[in-house]
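Protein chains: 2
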Amino acid sequence: MIVEILAIGTEVVDGDVVNTNAAWLSQRMIELGHEVRFHSAVPDDEVLMLDALARAADRAQVVLVTGGLGPTVDDFTLEVAAKFFQVPLELHQESLERIRGFFKKFNRAMSSNQERQAMLPKGATVLPNKLGTAPGAVFSLAESQFAFFPGVPKEMQEMFGNFSRLLPKPATELSRRRKVLRCFGLPEGQMDAALRDLFKGRMEIHGTQVGFRVRFPTIDLRLRSAAASASEAENNLSTAEALIREKLGDCIFGEGEASLEQVVGALLRQKQLRLAVAESCTGGLLASLITDVSGASEYFVLGVVAYANESKLQLLEVKPESIEKFGAVSSEVALEMARGIRKMSGADYGVAITGIAGPTGGSAEKPIGTVHIAVAYPTGEWEKNYLFPFGRDRFKQVAAATALDRLRRILLANPS
Amino acid sequence: MIVEILAIGTEVVDGDVVNTNAAWLSQRMIELGHEVRFHSAVPDDEVLMLDALARAADRAQVVLVTGGLGPTVDDFTLEVAAKFFQVPLELHQESLERIRGFFKKFNRAMSSNQERQAMLPKGATVLPNKLGTAPGAVFSLAESQFAFFPGVPKEMQEMFGNFSRLLPKPATELSRRRKVLRCFGLPEGQMDAALRDLFKGRMEIHGTQVGFRVRFPTIDLRLRSAAASASEAENNLSTAEALIREKLGDCIFGEGEASLEQVVGALLRQKQLRLAVAESCTGGLLASLITDVSGASEYFVLGVVAYANESKLQLLEVKPESIEKFGAVSSEVALEMARGIRKMSGADYGVAITGIAGPTGGSAEKPIGTVHIAVAYPTGEWEKNYLFPFGRDRFKQVAAATALDRLRRILLANPS
Numbered sequence: 001m002i003v004e005i006l007a008i009g010t011e012v013v014d015g016d017v018v019n020t021n022a023a024w025l026s027q028r029m030i031e032l033g034h035e036v037r038f039h040s041a042v043p044d045d046e047v048l049m050l051d052a053l054a055r056a057a058d059r060a061q062v063v064l065v066t067g068g069l070g071p072t073v074d075d076f077t078l079e080v081a082a083k084f085f086q087v088p089l090e091l092h093q094e095s096l097e098r099i100r101g102f103f104k105k106f107n108r109a110m111s112s113n114q115e116r117q118a119m120l121p122k123g124a125t126v127l128p129n130k131l132g133t134a135p136g137a138v139f140s141l142a143e144s145q146f147a148f149f150p151g152v153p154k155e156m157q158e159m160f161g162n163f164s165r166l167l168p169k170p171a172t173e174l175s176r177r178r179k180v181l182r183c184f185g186l187p188e189g190q191m192d193a194a195l196r197d198l199f200k201g202r203m204e205i206h207g208t209q210v211g212f213r214v215r216f217p218t219i220d221l222r223l224r225s226a227a228a229s230a231s232e233a234e235n236n237l238s239t240a241e242a243l244i245r246e247k248l249g250d251c252i253f254g255e256g257e258a259s260l261e262q263v264v265g266a267l268l269r270q271k272q273l274r275l276a277v278a279e280s281c282t283g284g285l286l287a288s289l290i291t292d293v294s295g296a297s298e299y300f301v302l303g304v305v306a307y308a309n310e311s312k313l314q315l316l317e318v319k320p321e322s323i324e325k326f327g328a329v330s331s332e333v334a335l336e337m338a339r340g341i342r343k344m345s346g347a348d349y350g351v352a353i354t355g356i357a358g359p360t361g362g363s364a365e366k367p368i369g370t371v372h373i374a375v376a377y378p379t380g381e382w383e384k385n386y387l388f389p390f391g392r393d394r395f396k397q398v399a400a401a402t403a404l405d406r407l408r409r410i411l412l413a414n415p416s
Numbered sequence: 001m002i003v004e005i006l007a008i009g010t011e012v013v014d015g016d017v018v019n020t021n022a023a024w025l026s027q028r029m030i031e032l033g034h035e036v037r038f039h040s041a042v043p044d045d046e047v048l049m050l051d052a053l054a055r056a057a058d059r060a061q062v063v064l065v066t067g068g069l070g071p072t073v074d075d076f077t078l079e080v081a082a083k084f085f086q087v088p089l090e091l092h093q094e095s096l097e098r099i100r101g102f103f104k105k106f107n108r109a110m111s112s113n114q115e116r117q118a119m120l121p122k123g124a125t126v127l128p129n130k131l132g133t134a135p136g137a138v139f140s141l142a143e144s145q146f147a148f149f150p151g152v153p154k155e156m157q158e159m160f161g162n163f164s165r166l167l168p169k170p171a172t173e174l175s176r177r178r179k180v181l182r183c184f185g186l187p188e189g190q191m192d193a194a195l196r197d198l199f200k201g202r203m204e205i206h207g208t209q210v211g212f213r214v215r216f217p218t219i220d221l222r223l224r225s226a227a228a229s230a231s232e233a234e235n236n237l238s239t240a241e242a243l244i245r246e247k248l249g250d251c252i253f254g255e256g257e258a259s260l261e262q263v264v265g266a267l268l269r270q271k272q273l274r275l276a277v278a279e280s281c282t283g284g285l286l287a288s289l290i291t292d293v294s295g296a297s298e299y300f301v302l303g304v305v306a307y308a309n310e311s312k313l314q315l316l317e318v319k320p321e322s323i324e325k326f327g328a329v330s331s332e333v334a335l336e337m338a339r340g341i342r343k344m345s346g347a348d349y350g351v352a353i354t355g356i357a358g359p360t361g362g363s364a365e366k367p368i369g370t371v372h373i374a375v376a377y378p379t380g381e382w383e384k385n386y387l388f389p390f391g392r393d394r395f396k397q398v399a400a401a402t403a404l405d406r407l408r409r410i411l412l413a414n415p416s
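The listed protein sequences correspond, in order, to chains A and B. Counted from 1, the first sequence has number 225 at position 225 by the working numbering; the numbering is strictly sequential. Counted from 1, the second sequence has number 268 at position 268 by the working numbering; the numbering is strictly sequential.
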């Protein structure tokens, strides 16, 4: 079916918010076999909203509307939608109870404007919101189906699952398969070059469309095949995947939505190993990524963010003479930190990161972006230095991801 | 003038690329005093492009088109535009030379399709592209001005400067002021309720438009005024700001792009105080936020991510009997952690967070989302518990932000 994605919100057309919802929804709708033809956005303005809804009804069979479901006075998407559909707003009791429950659950007073969120166009199907207060709604008008989601990406994404089950199957009879290969360790240009020989036409390998998507510091390879039969689609995709894996090897760390920290966590759990980390320049990001994985407490013991030199010394038993002789950002100190955190925590694996995030602190010999990563483990040690001159934020991200990726490779190569 | 921003490209409507160009252009056009009313995107499809151009000509005075100026066969924006303007395409000699020079510079062979990029609608003003091969073009049609930019953000942004000089000053002589107030500690609904009495019309206070924008876990209040004179605009905005500040008090932690961690960092630096943190359930996120601020090493000494009970005990000198009697997630343990990290680091301020991130580990008495936050400082101690049942990711974010916000309030209230 033909799809339009309509964002409602002054913050979107004013450029205060980048409309990532449109891209996310497009990807999902395409996966479901639909055709996205239009993205549009209008401000919180009744006349412009009515016009946009009318236009969408004219040209699309599925209209996905995001934004304007909040409790504040500038959130009135459903009010305008009801006007457009020529139906009244009706209190949806279940949603009201849900909203009340939400406030009760964390002991907050509920303001009366919050009740407005339970007012839905009469005849609409409700899309419950598990993560927030604003319910969504689905409404059919003539040939078109309208779905209303909150603008908050997480809530919208969570609710999309329920919506997609309401959607009729697309008319096209093609079987579709898709897979995402998650990669780390090669920049996009080098990945493209590595795969160049495989590409037929634009970005096609064995009847499978291949697309790059940078999700810094990782890169996704998105594979998509469509064929007359399911087995042919499956076969095309797995052939393409095998060819790609041959070229990229262990740069592919996972599939689908798997993160480096999830892959590392699964390996640690499987091997029943425990991990501790000592960081300076990444400032806690490595520990925070590791603990983003639920169940991390099974294998993650301790993190130390040693930001001052004294802390490195005292806590991690880094030798003062190592810092004096080689500097805090050095192979020697990285290794001593890894050994120190492993020893003090009693963990099987100790990982250490020390470096210069910038914007100050660099020198000719050790420029901003220099980072040393070390791993101490039962059967050995590993250490390497890198230069990631990408600015403070990205430096932290790529340094932490590099440590995780190395941990992954060592875990894969070692029996315990 | 009324502005529409139109993206052309299948990769945009397919969601392979997030349309950041629209937000960037919106911000620039608003700074120049224009009003952006529409964002839209269509695929590389002649019929849909012609329709989108016609629609834009109808409703906007300035139409900014991005994408489809590349050398490949699916780049034909200017071809379609010429058709729409009913003029032929013409070779622009200077642009051709520029493209040739570009290839020469990099010692690359120029493919013949690259020459196509020098074909512009007759009568168009050229926008030279310093960073790439595709020139842009500006074309006037009746009341509307159309500008065509490449989809590559850097090239588009560089070329926008030249384009903006071609733009007539906005017809309206209004002076504009804008300000963002960053808030934490009240949910959106309660902020709205607190301000409700001030609102005239939908969201206006003293000639100033007010908008909410959730940037979880913080909320922005966006203020905008427009008036005949600069002083009136200024005056309206500052009056509205004063009224809002009276209602929201110290929920407003900063202005513009300031983050909680920046505000806290500035206070610590100004007071020459040093900070250390001990976290369990936030798993390093608090330390990572603190160290996202450049120069954090001036005041941030040490972070400990105590994920296992033994680590809390040993390292932070939490009493075993406190854990036994009250549990690891308790006021007593939070306070002991804050004291412990303060003592072991020698910092002036010790902050501790202990809680249950979920999805497992909750009980009837201490449900998932329970968190205790404690601060130990030279002249006192503070401790409080909260319930944030928002799922693991958001739990970590709101717990870390709550700790930062409390630190901010204590720093503001205490002389040292």
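No lab work stands behind these hints: they were computed from the structure. Check before you lean on any hint, since a few could be wrong.
Pairs involving identical chains hold if they fit within one copy or between any two copies, as the list cannot separate such chains.
Claimed, not checked - Straight line, CA to CA, 20 Å or less: simulated SDA-like cross-link-like pairs of lysine to any residue:
id	residue 1	residue 2
1	LYS319	MET344
2	LYS247	PRO187
3	LYS130	GLY189
4	LYS122	HIS92
5	LYS343	LEU315
6	LYS130	PRO415
7	LYS179	GLU232
8	LYS154	ASP16
9	LYS200	PRO367
10	LYS169	PRO88
11	LYS105	LEU131
12	LYS154	PHE212
13	LYS384	VAL214
14	LYS179	THR239
15	LYS343	GLU310
16	LYS154	PRO187
17	LYS104	ILE368
18	LYS343	GLU317
19	LYS200	ARG98
20	LYS104	GLN114
21	LYS130	GLU46
22	LYS154	PRO378
It should be emphasised that the depicted structure is a prediction, and the values quoted were computed from it without experimental measurement.
Here is how each hint holds up against the structure:
{"no.": "1", "hint": "LYS319 <-> MET344", "result": "both (15 Å within a copy, 19 Å between copies)"}
{"no.": "2", "hint": "LYS247 <-> PRO187", "result": "within (14 Å within a copy, 50 Å between copies)"}
{"no.": "3", "hint": "LYS130 <-> GLY189", "result": "between (40 Å within a copy, 17 Å between copies)"}
{"no.": "4", "hint": "LYS122 <-> HIS92", "result": "within (9 Å within a copy, 58 Å between copies)"}
{"no.": "5", "hint": "LYS343 <-> LEU315", "result": "both (11 Å within a copy, 13 Å between copies)"}
{"no.": "6", "hint": "LYS130 <-> PRO415", "result": "neither (42 Å within a copy, 44 Å between copies)"}
{"no.": "7", "hint": "LYS179 <-> GLU232", "result": "within (15 Å within a copy, 57 Å between copies)"}
{"no.": "8", "hint": "LYS154 <-> ASP16", "result": "both (18 Å within a copy, 19 Å between copies)"}
{"no.": "9", "hint": "LYS200 <-> PRO367", "result": "neither (42 Å within a copy, 55 Å between copies)"}
{"no.": "10", "hint": "LYS169 <-> PRO88", "result": "neither (30 Å within a copy, 44 Å between copies)"}
{"no.": "11", "hint": "LYS105 <-> LEU131", "result": "within (12 Å within a copy, 54 Å between copies)"}
{"no.": "12", "hint": "LYS154 <-> PHE212", "result": "between (23 Å within a copy, 18 Å between copies)"}
{"no.": "13", "hint": "LYS384 <-> VAL214", "result": "neither (25 Å within a copy, 41 Å between copies)"}
{"no.": "14", "hint": "LYS179 <-> THR239", "result": "within (12 Å within a copy, 55 Å between copies)"}
{"no.": "15", "hint": "LYS343 <-> GLU310", "result": "both (18 Å within a copy, 14 Å between copies)"}
{"no.": "16", "hint": "LYS154 <-> PRO187", "result": "between (28 Å within a copy, 17 Å between copies)"}
{"no.": "17", "hint": "LYS104 <-> ILE368", "result": "between (49 Å within a copy, 15 Å between copies)"}
{"no.": "18", "hint": "LYS343 <-> GLU317", "result": "both (9 Å within a copy, 18 Å between copies)"}
{"no.": "19", "hint": "LYS200 <-> ARG98", "result": "neither (53 Å within a copy, 31 Å between copies)"}
{"no.": "20", "hint": "LYS104 <-> GLN114", "result": "within (13 Å within a copy, 63 Å between copies)"}
{"no.": "21", "hint": "LYS130 <-> GLU46", "result": "neither (28 Å within a copy, 42 Å between copies)"}
{"no.": "22", "hint": "LYS154 <-> PRO378", "result": "neither (40 Å within a copy, 40 Å between copies)"}
Comparing the model with each earlier hint shows violations of hints 6, 9, 10, 13, 19, 21, 22; every other hint is respected.
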